[in-house]
Amino acid sequence: MDSVVLIYKGIYILAIFGISLLIATYSTYFERKIAAFIQDRVGPNRAGPMGLLQPLADAGKLFFKEEFIPANANKTLFILGPGIAMLVAAMTSAVIPFGDTLILGETSFDLIAIDVNIGILYIFAVVSLGVYGLMIGGWASNNKFSLLGAIRAASQNISYELAMGLSLIAVLMLSGSLSLKVIAEQQAGFNWNIWYQPLGFLIFLICAFAETNRTPFDLPESEAELIGGYHTEYSSMKLGMYLFAEYINIFVVSAVMATLYFGAYNFPFMENLRNAFDDPVLGNNVVTILGVGVMFAKIFAFIFFFMWVRWTLPRFRYDQLMKLGWNILIPLAILNILLTGGGILLYDYFTQG
Amino acid sequence: MTLSERMYLPAIAQGLGITLKHFFKKKATINYPEETRSRSEIWRGLHVLKRDENGAERCTACGLCAVACPAEAITMTAGERKKGEEHLYREEKYAVTYEVNMLRCIFCGLCEEACPKAAIFLQDDKLAPARYERDEFIYGKDRLVEPLKTTETK
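Protein sequence lines, in the order shown, are assigned to chains A and B. Under UniProt numbering, the residue at position 48 of the first sequence is numbered 48, and the numbers go up by one with no gaps. Under UniProt numbering, the residue at position 10 of the second sequence is numbered 10, and the numbers go up by one with no gaps.
Okay, chain A solo, but in the shape it has when bound (with noise of 0.2 Å):
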């Protein structure tokens, strides 16, 4: 019995891990298709059918690069750098649920890799983890552009998880936990966080693009002016690494968003459908089945809203974005917990005499 939930938590693992490799492979592909749309060209299309093989190419292409190590450069941390970048951001799906308990024979498996109780903690501390592979990176390379990127990286990320953990408290102060699961569970249906937490989730968007380094905030990498930042000095994968970092944060990010503010694997009417089928345990597994799917398109609309935005908003100039974080999202986010403390406090006088 323990041997089988072990043996079917380290496949799981694998597929989560392979999962999120295999989205930030194709992210992409994708970022380069919509930024192609979007400024009406048609983007890669001659790698494979509509161009589907390109991810591949490019790979190919970065491994046989020439792997480039500056003299003057710290060659244990230049090479630790993307590594920590990479192997941070493969970490943090861990914890995220894709999805509810489905019921094989006897055993009933949890789609979630490790249900921490402290689910949304552990994501904090290795997201804000990440920063250290941009830091030791853009300081290694022995370049000013480099190290002013990493500096940039490090002011912005810890500037905007302050506010980033503010508007989360709201939402923890609704659920009373910090387990991803129990959020999860709590938003069953059409009862997501979205409808109490519109405020805190804008908080928490602009924060999310600004902790993955996108667009509008992605001034550690800034080519117009600092040709690069931190990942001047990079090339082959060592540079592959950085990139494909991004992506995978993106993705955790998105994962994060949805099981926070929309709902998870839940939908609505989820309930009547598990209900339709006499069998409780058919019904179950095709409700949790779907949710899955459900999780992954809310995923995937996320990461095109990323995208999204990255083809229409210009970069922020510095002094602009540490205003925005400091001056008007943390009183935002603090005044967001208010409401929400307020609202608490209401809800349980009406409610409870």
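Among the hints, erroneous ones may be present.
[Said to hold, decoys possible] Sample of chain B residues lacking proximity to chain A, with all beta carbon distances greater than 12 Å (derived): (1) N54; (2) P70; (3) E92.
[What the hints assert, rightly or not] Derived lysine to aspartate or glutamate pairs resembling EDC-like cross-links, with alpha carbons at most 16 Å apart: (4) K323(A) <-> E161(A); (5) K117(B) <-> E92(B); (6) K126(B) <-> E146(B); (7) K25(B) <-> D40(A); (8) K50(B) <-> E99(B); (9) K50(B) <-> E112(B); (10) K50(B) <-> D124(B); (11) K117(B) <-> E91(B); (12) K26(B) <-> D40(A); (13) K27(B) <-> D40(A); (14) K21(B) <-> D40(A); (15) K9(A) <-> E161(A).
[What the hints assert, rightly or not] One side only, chain A facing chain B, incomplete, derived with CB under 8 Å: (16) F37; (17) I38; (18) D40; (19) R41; (20) V42; (21) N143; (22) F145; (23) W311; (24) L313.
Read the hints as simulated data drawn from the structure, not as lab findings. A virtual CB, placed ideally from N, CA and C, is assigned to each residue, including glycine.
Let chain A serve as the given structure and place chain B on it in line with the hints.
Relative to the frame of chain A, chain B by itself:
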């Protein structure tokens, strides 16, 4: 600025709307090797020296095209048709050499208009391609005369 302007969010939503509209718009790209941009029907491209219905060259080396040419791109030497060459040349006089310098030619089509024998035309489906050497741009009769269509008589 008003509050809604300072929030930027309405403006951002508007911008997102514009980009989304472009996302679904028809693309302007022409996939070049597979598709080519359609040319006008009166496009003036590479010259061709026509043959008549029996496969004899129409050109009689009268030189009117060379006179009409504003860029002085056409040169020719005339020769007299010998006995037994009636199937090759339609008139008694013909062009022994006929050269068009594609670097000088401005593709105005005046030669086409000047020709009394309907021998020279600017094709609408062929271009003078780029080449490495200058003398390769001087097109002689070997490249100008329309190839013989009838292969079954051989």
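(message) Are any of the numbered hints broken by this structure? If so, which, sorted upward?
(response) Violated hints: 15, 21, 22; rest satisfied.
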